[in-house]
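Using this note's numbering, the first residue of the sequence shown is number 121, and each one after it goes up by one.
Do not rely on the hints blindly, as some may be mistaken.
To be verified - Label-pair distances were calculated between CB atoms; the ranges are: (1) 232 with 176: 48 to 58 Å; (2) 242 with 181: 44 to 54 Å; (3) 363 with 138: 32 to 42 Å.
Stated by the list, open to error - Restricting the straight-line Cα-Cα distance to at most 25 Å, the calculated cross-link-like pairs of lysine to aspartate or glutamate (DMTMM-like) are: (4) 225 with 292; (5) 229 with 291; (6) 223 with 291; (7) 225 with 344.
None of these hints come from the bench; they were simulated from the model.
Idealized CB from N, CA, C, for every residue including glycine.
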Amino acid sequence: MKGDVGTKKWGIGRIGMYLFLTVISLFSLFPFYWMFVMSTRHSSAYNSIPPAMVPGDQLKGNFQKVLDMIPFFQSMFNTLIVCLTVTIVVLLISSLAGFAFSKLKFPGKNILFFAILFTIIIPPQLGLIPQYLLVAKAGLLDNLFAAMVLFFLNPLGIFLMRQYVSESVPDELIEAARLDGCSIFRIYRSIVLPIILPAFATLGIIVFTSVWGEFLWQFTVLRDPESYTIQVALASLNTQFKVDFGMLLSGVFWATIPLLIVFLLFNKLFISSIAEGSVK
121 MKGDVGTKKW GIGRIGMYLF LTVISLFSLF PFYWMFVMST RHSSAYNSIP
171 PAMVPGDQLK GNFQKVLDMI PFFQSMFNTL IVCLTVTIVV LLISSLAGFA
221 FSKLKFPGKN ILFFAILFTI IIPPQLGLIP QYLLVAKAGL LDNLFAAMVL
271 FFLNPLGIFL MRQYVSESVP DELIEAARLD GCSIFRIYRS IVLPIILPAF
321 ATLGIIVFTS VWGEFLWQFT VLRDPESYTI QVALASLNTQ FKVDFGMLLS
371 GVFWATIPLL IVFLLFNKLF ISSIAEGSVK
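I would like the entire structure built from these sequences, with the hints used as guidance.
Here's what the structure looks like:
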């Protein structure tokens, strides 16, 4: 009997699925591994045939070149400040807006919600010049706040939070809290917020990684090397006449590490959010 259960548990279909997922995972990790290999070799290895697949001995030397060319750790710190601030503000605004759009009644609610969603289809490049002029007139150029403010309102985050709150928070619970005399903010803080923590993790990872990899707007408003974020600083490693790929990929490799740490820290909540969404 136990043998039959074991056979069903590890049947051909399940083994095949695990093999398939393993192969896909290796393919997904290969670019990161190749980037690490190139960061440990001379720039000439970038165009070598066959390509180098084994780490070399230039990891420290290439990274030292990065430190000599750009204020790497200052740029990393600036990026962390920008990403953490934007993530916290987006989570706060999106959760409050999602709660309001899903559970509260007020005039023009649907019109306002669809107007916010409509902004998703507008290419951000269209507003680059007027936004830059506004920031310049406000005297915020070379200021980290200028690199943040454009991302505080996240239409996708509002949409995700609205859907999650509407499906996860029962209306009966909201009504019971109102009958007990709870204010709207007390309901949000004591009832809604604990329930939507998995959605916080999902949206937080999405926002953090997207802001970390953002380049165009930060490159536009940040001109002082001391205010550079890591993406702008790494772009300055490209010179007109020569590109040291070992140095460049070394900087990119070390700049990617914080993203992996963030994902590993919030991995359980991220999976929990996906699992709950699939059950519902």
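Hints and how they fare:
Against the hinted window of 48 to 58 Å, the Cβ-Cβ separation of residue 232 and residue 176 comes to about 56 Å, which satisfies the hint. The supplied range of 44 to 54 Å is met by residue 242 and residue 181, whose beta-carbon atoms lie about 45 Å from each other. Restraint check, residue 363 to residue 138: a C-beta distance of roughly 41 Å satisfies the suggested window 32 to 42 Å. Among the hinted pairs, residue 225 with residue 292 is consistent with the structure: their alpha-carbon atoms are about 15 Å apart, no more than 25 Å.
Using a Cα cut-off of 25 Å, the hinted pair residue 229 and residue 291 holds, with the two alpha carbons roughly 18 Å apart. Using a Cα cut-off of 25 Å, the hinted pair residue 223 and residue 291 holds, with the two alpha carbons roughly 7 Å apart. Our distance criterion of 25 Å between C-alpha atoms is broken by residue 225 and residue 344, whose separation comes to about 47 Å.
Hint violations for this structure: number 7 only, all remaining hints satisfied.
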